[in-house]
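Protein sequences, first through last, are from chains A and B.
The end of the first sequence is residue 1157 by my numbering, with every number in the run present.
The end of the second sequence is residue 381 by my numbering, with every number in the run present.
Hint data in this document are derived by calculation from the structure and do not stem from the laboratory.
Certain hints may be false.
[What the hints assert, rightly or not] SDA-like, lysine to any residue: derived pairs with alpha carbons at most 25 Å apart:
(1) B:LYS281 to A:ASN1106
(2) A:LYS798 to A:CYS765
(3) B:LYS281 to A:GLN1139
(4) B:LYS287 to A:ALA1136
(5) A:LYS873 to A:LEU977
(6) A:LYS1138 to A:GLY1150
(7) A:LYS963 to A:GLN861
(8) B:LYS281 to A:LYS963
(9) B:LYS281 to A:GLU1040
(10) A:LYS993 to B:TYR264
(11) B:LYS287 to A:GLN1071
(12) A:LYS1138 to B:LYS281
(13) B:LYS287 to B:VAL356
(14) A:LYS678 to A:VAL722
(15) B:LYS281 to A:ALA1136
(16) B:LYS287 to A:GLY1150
(17) B:LYS281 to A:LEU1144
(18) B:LYS281 to A:GLU693
(19) A:LYS903 to A:ASP835
(20) B:LYS324 to A:ALA1146
(21) A:LYS914 to A:GLN861
(22) A:LYS686 to A:ARG732
(23) B:LYS287 to A:LEU1144
(24) B:LYS324 to A:ASN1149
(25) B:LYS281 to A:THR1039
(26) B:LYS287 to B:PHE355
(27) A:LYS760 to A:ASN789
(28) B:LYS281 to A:GLU1133
(29) A:LYS1138 to B:PRO274
(30) B:LYS281 to A:ASN789
(31) B:LYS281 to A:ILE1129
(32) B:LYS328 to B:TYR264
(33) A:LYS715 to A:GLU693
(34) A:LYS743 to A:ASN758
(35) A:LYS760 to A:ARG775
(36) A:LYS776 to A:ASP763
(37) B:LYS287 to A:GLU1067
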Amino acid sequence: MDDTVDEVIISAAATISRLEQLIQERRWELVLANLQTKQGHEDARKHNSTTGELLYHSLEFYYHAPFHVIEALVKAYPEGIVEPMYIGNQIRYPIETAVSGTKEETTNMVFKLFVETNPKCLDNCDVWFLHDAFRKCDTEVLELMIQTNPNFLYQKEKDSSNGLPIHQACSSVMCTKIDLLLIYDPSQARMVEEDSKMLPLHLACRPFDKDTIFNMETFRQLIEAYPQAAKEKDAKGRLPLHYACGGASYRPDNQNFISELLKIYPEAAQILDKQKNLPLHYLVMPKQSVRCDYFGHEMNWLDCEADSVNDFLRGNNHRWIEKELIVLIQTYPDALLKSDGEKDQLVLGTLAKFRYPSCQVWHTAGSLCSKAFICASLQSMQPLYHMSFDLPALVQNFTEIPLDWTKNEGDMQDGELFGIILYYTFEALLQAEKGLDIKTMSNHVPLCHHLGMHYKSLNNKNATGNMTLLHKLAYCSMFCDPIHLMHLIMAVELYASKQGHHFLLADQNGNLPLHLV
Amino acid sequence: MILLEVYNRRISKTTYVGLVETFLTPCMEAASKTNHLGKTPLDILMETKSELSEFNIERWRGVELFVNSNPIEANKLFTKEKMYPFMLSAIGEQANLSCTFAMLLMFVSIQNLDDLGSRITVKNMKRQRVLKK
Chain A
641 MDDTVDEVII SAAATISRLE QLIQERRWEL VLANLQTKQG HEDARKHNST
691 TGELLYHSLE FYYHAPFHVI EALVKAYPEG IVEPMYIGNQ IRYPIETAVS
741 GTKEETTNMV FKLFVETNPK CLDNCDVWFL HDAFRKCDTE VLELMIQTNP
791 NFLYQKEKDS SNGLPIHQAC SSVMCTKIDL LLIYDPSQAR MVEEDSKMLP
841 LHLACRPFDK DTIFNMETFR QLIEAYPQAA KEKDAKGRLP LHYACGGASY
891 RPDNQNFISE LLKIYPEAAQ ILDKQKNLPL HYLVMPKQSV RCDYFGHEMN
941 WLDCEADSVN DFLRGNNHRW IEKELIVLIQ TYPDALLKSD GEKDQLVLGT
991 LAKFRYPSCQ VWHTAGSLCS KAFICASLQS MQPLYHMSFD LPALVQNFTE
1041 IPLDWTKNEG DMQDGELFGI ILYYTFEALL QAEKGLDIKT MSNHVPLCHH
1091 LGMHYKSLNN KNATGNMTLL HKLAYCSMFC DPIHLMHLIM AVELYASKQG
1141 HHFLLADQNG NLPLHLV
Chain B
249 MILLEVYNRR ISKTTYVGLV ETFLTPCMEA ASKTNHLGKT PLDILMETKS
299 ELSEFNIERW RGVELFVNSN PIEANKLFTK EKMYPFMLSA IGEQANLSCT
349 FAMLLMFVSI QNLDDLGSRI TVKNMKRQRV LKK
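The task is simple: from the sequences and hints, build the whole structure.
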């Protein structure tokens, strides 16, 4: 083993030790050998000839040196771990430099090495460092941090909106860390993030990344630690349910969030946030959905992903939110009568626009709130309006309105969706009896002016007796999009060619379809 | 701008009269059928819009379609004013002269002109007698 003292002259003003030279040349095996010598031990204690830093404070050393070399440095000079470095008014400790400088794969090992060598190395560290280590390192490191200096769990970084560690863990889906934090102190579940007034449960519900799955067991523990969180509003007036709904289509693997939250607080389905949105609006209208970036800052993600979301609503993955839609509608059916606060859109109008292909959802809406099928806002038309181009397909494929409540699987037949919507529109008109019942609808949802017309009373509660599909079509035709009149004409002509006698077929009140237009 | 005009034109053409035309064309006969309350489709239209001011050009075109399909309607009295369709379409803010003439033609076409003439003659004779007295 080379135990000689070598000093190399690099300039007239400064000389460097052999250890420094080997580190500069990144000859790590020789550095390791050197650190195991008496001279190496002495060199490790020396300040750098140029920068005046101890080797412990060299960011570059940590970035390039393999772990076993760092380990050798610690063995050679363990006292150096607590040696501070002064940069102007700032004090920096070796562990701070080490965690900042080491590569991802060695950060955890270096942290553990330092703390196990001298647990006091964390005593004077800045909060930002402890939070940074919390984010970067694994749960073993977190355990060490909690054992040695748990105060950082309750300290906020200066001039940062990151919140406490529990908030960061919930925002960034660090489930094992959340578990550990809650085991140490369950009361962390009640800690409000200062600026946003969000609780950890809010943050857990807010989507972060579509590829990350929030562990349901962790989610339940979070609720168990503070069930009241499901009822608490943040600065935007939102409950955790608003966020869970907003993230449902983005993070489909965490659909159970919604049912878990509704179990504790079903009234949440009725709560409007400050933007006058219900949780259902966030589920169906992803434009309003929000997620957070890595630092927990809210961002509107649909601006860049609008097409994929629309495709999702129309496409095969519609079942992602089907169960949640049904649960939310069942919990608060009148939500279908309320338009959202931002775009004045109604839920069924939006679903119809995307031709949302789930029989179960439409049947749930129709059976619990058929009124919503004749309800419009200034910006949102009745569902039938958006489906007008499907009319010929209905007449082509069906002789009566298709109503298979039990259908759970398989694609809908062409025109089937129009038929279901037509059925409930007709039912709603019958129930309204004397004109469209504006009074019972939300004031926020006026009927669209040119459709707010009188309609003809059928004068009989058993009016559906001899009703044909043509009667229903005639009765509800006022809701079809006038732009698509051609489709209506095509459908009626097709109907005439298939079942022309229906034009002269009277219902129980003697009304022909023409009486009902 | 052009698109908007096209849109507006199509809307106005299609809202009501378009629907009537759609359901009437395959079976014109339906216009003359009554329901159990004895009402034809035109009766229902006239009842639904009880005030003349509620009639716009769209509605008058609907009336015209029903009357063309069932000319007898031109000879029926409607609304609380108890007037023939051609009279109704000639008065009020929403008066429609085109419809008035069309309805009048239909009205005249179904009158027994000889009978109409004799009634007018009789009335004139009565008036002359009164004047002589």
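Hints, one by one, checked against the model:
1. Proposed proximity of LYS281 of chain B and ASN1106 of chain A is supported: the alpha carbons are some 17 Å apart, at most 25 Å.
2. Between LYS798 of chain A and CYS765 of chain A, the direct Cα distance comes to roughly 14 Å. Compliance with the 25 Å bound is thereby established for this hinted pair.
3. Annotation: proposed proximity of LYS281 of chain B to GLN1139 of chain A holds, straight-line Cα distance about 19 Å (limit 25 Å).
4. About 24 Å separates the Cα atoms of LYS287 of chain B and ALA1136 of chain A, which keeps this hinted pair within 25 Å; it holds.
5. A threshold of 25 Å between alpha carbons decides the hint, and for LYS873 of chain A with LEU977 of chain A the separation of about 23 Å falls inside it, so the pair holds.
6. For the proposed pair LYS1138 of chain A and GLY1150 of chain A, the alpha carbon gap of about 22 Å is at most 25 Å, so the pair holds.
7. For the hint linking LYS963 of chain A to GLN861 of chain A, the alpha-carbon distance of about 23 Å falls within 25 Å, and the restraint holds.
8. Distance check on the hinted pair: LYS281 of chain B and LYS963 of chain A sit about 48 Å apart at the alpha-carbon level, beyond 25 Å; violated.
9. At roughly 24 Å between alpha-carbon atoms, LYS281 of chain B and GLU1040 of chain A fall within 25 Å of each other, so this suggested pair holds.
10. Under the criterion of a C-alpha separation no larger than 25 Å, the hint pairing LYS993 of chain A with TYR264 of chain B is consistent with the structure, at around 23 Å.
11. Taking the CA atoms of LYS287 of chain B and GLN1071 of chain A, the gap is near 23 Å; set against the 25 Å cutoff, the hint holds.
12. In summary, the hint linking LYS1138 of chain A to LYS281 of chain B is supported, as the alpha carbons are separated by about 22 Å, within the 25 Å threshold.
13. For the hint pairing LYS287 of chain B with VAL356 of chain B, the CA-to-CA distance comes to about 23 Å; that is within 25 Å, so the pair holds.
14. Proposed proximity of LYS678 of chain A and VAL722 of chain A is supported: the alpha carbons are some 21 Å apart, at most 25 Å.
15. Between LYS281 of chain B and ALA1136 of chain A, the direct Cα distance comes to roughly 18 Å. Compliance with the 25 Å bound is thereby established for this hinted pair.
16. Note on LYS287 of chain B and GLY1150 of chain A: the hinted pairing holds, with a Cα-Cα distance of about 9 Å set against a maximum of 25 Å.
17. A C-alpha spacing of about 8 Å is found between LYS281 of chain B and LEU1144 of chain A, which places the hinted pair at or below 25 Å, so the restraint holds.
18. The hinted pair formed by LYS281 of chain B and GLU693 of chain A fails the criterion: a straight-line CA distance of about 104 Å is larger than 25 Å.
19. Proximity of LYS903 of chain A to ASP835 of chain A is assessed by CA-CA distance (about 28 Å); at most 25 Å being required, the pair is judged violated.
20. Of the pairs offered as hints, the one joining LYS324 of chain B and ALA1146 of chain A holds, with about 23 Å between alpha carbons and a cut-off of 25 Å not exceeded.
21. Taking the CA atoms of LYS914 of chain A and GLN861 of chain A, the gap is near 29 Å; set against the 25 Å cutoff, the hint is violated.
22. Simply put, LYS686 of chain A and ARG732 of chain A have alpha-carbon atoms about 18 Å apart, close enough for the 25 Å limit, and the pair holds.
23. Of the pairs offered as hints, the one joining LYS287 of chain B and LEU1144 of chain A holds, with about 15 Å between alpha carbons and a cut-off of 25 Å not exceeded.
24. With a C-alpha separation of about 23 Å, the suggested pair LYS324 of chain B and ASN1149 of chain A falls inside the 25 Å cut-off, and the hint holds.
25. For a cut-off of 25 Å, the pair hint linking LYS281 of chain B to THR1039 of chain A stands: about 24 Å separates their Cα positions.
26. About 20 Å separates the Cα atoms of LYS287 of chain B and PHE355 of chain B, which keeps this hinted pair within 25 Å; it holds.
27. Simply put, LYS760 of chain A and ASN789 of chain A have alpha-carbon atoms about 9 Å apart, close enough for the 25 Å limit, and the pair holds.
28. Taking the CA atoms of LYS281 of chain B and GLU1133 of chain A, the gap is about 20 Å. The hint holds against a cut of 25 Å.
29. For the proposed pair LYS1138 of chain A and PRO274 of chain B, the alpha carbon gap of about 12 Å is at most 25 Å, so the pair holds.
30. About 90 Å separates the Cα atoms of LYS281 of chain B and ASN789 of chain A, which puts this hinted pair outside 25 Å; it is violated.
31. Our distance criterion of 25 Å between C-alpha atoms is met by LYS281 of chain B and ILE1129 of chain A, whose separation comes to about 22 Å.
32. Straight-line distance between C-alpha atoms of LYS328 of chain B and TYR264 of chain B comes to about 23 Å, which keeps the hinted pair within the 25 Å bound.
33. Using a Cα cut-off of 25 Å, the hinted pair LYS715 of chain A and GLU693 of chain A holds, with the two alpha carbons roughly 19 Å apart.
34. Restraint check for LYS743 of chain A and ASN758 of chain A: satisfied, since their Cα atoms lie roughly 22 Å apart, inside the 25 Å limit.
35. Only pairs whose Cα atoms come within 25 Å are accepted, and LYS760 of chain A paired with ARG775 of chain A is accepted, the gap being roughly 21 Å.
36. Only pairs whose Cα atoms come within 25 Å are accepted, and LYS776 of chain A paired with ASP763 of chain A is accepted, the gap being roughly 19 Å.
37. For the hint pairing LYS287 of chain B with GLU1067 of chain A, the CA-to-CA distance comes to about 23 Å; that is within 25 Å, so the pair holds.
Against the hints set out earlier in the document, violations occur for numbers 8, 18, 19, 21 and 30.
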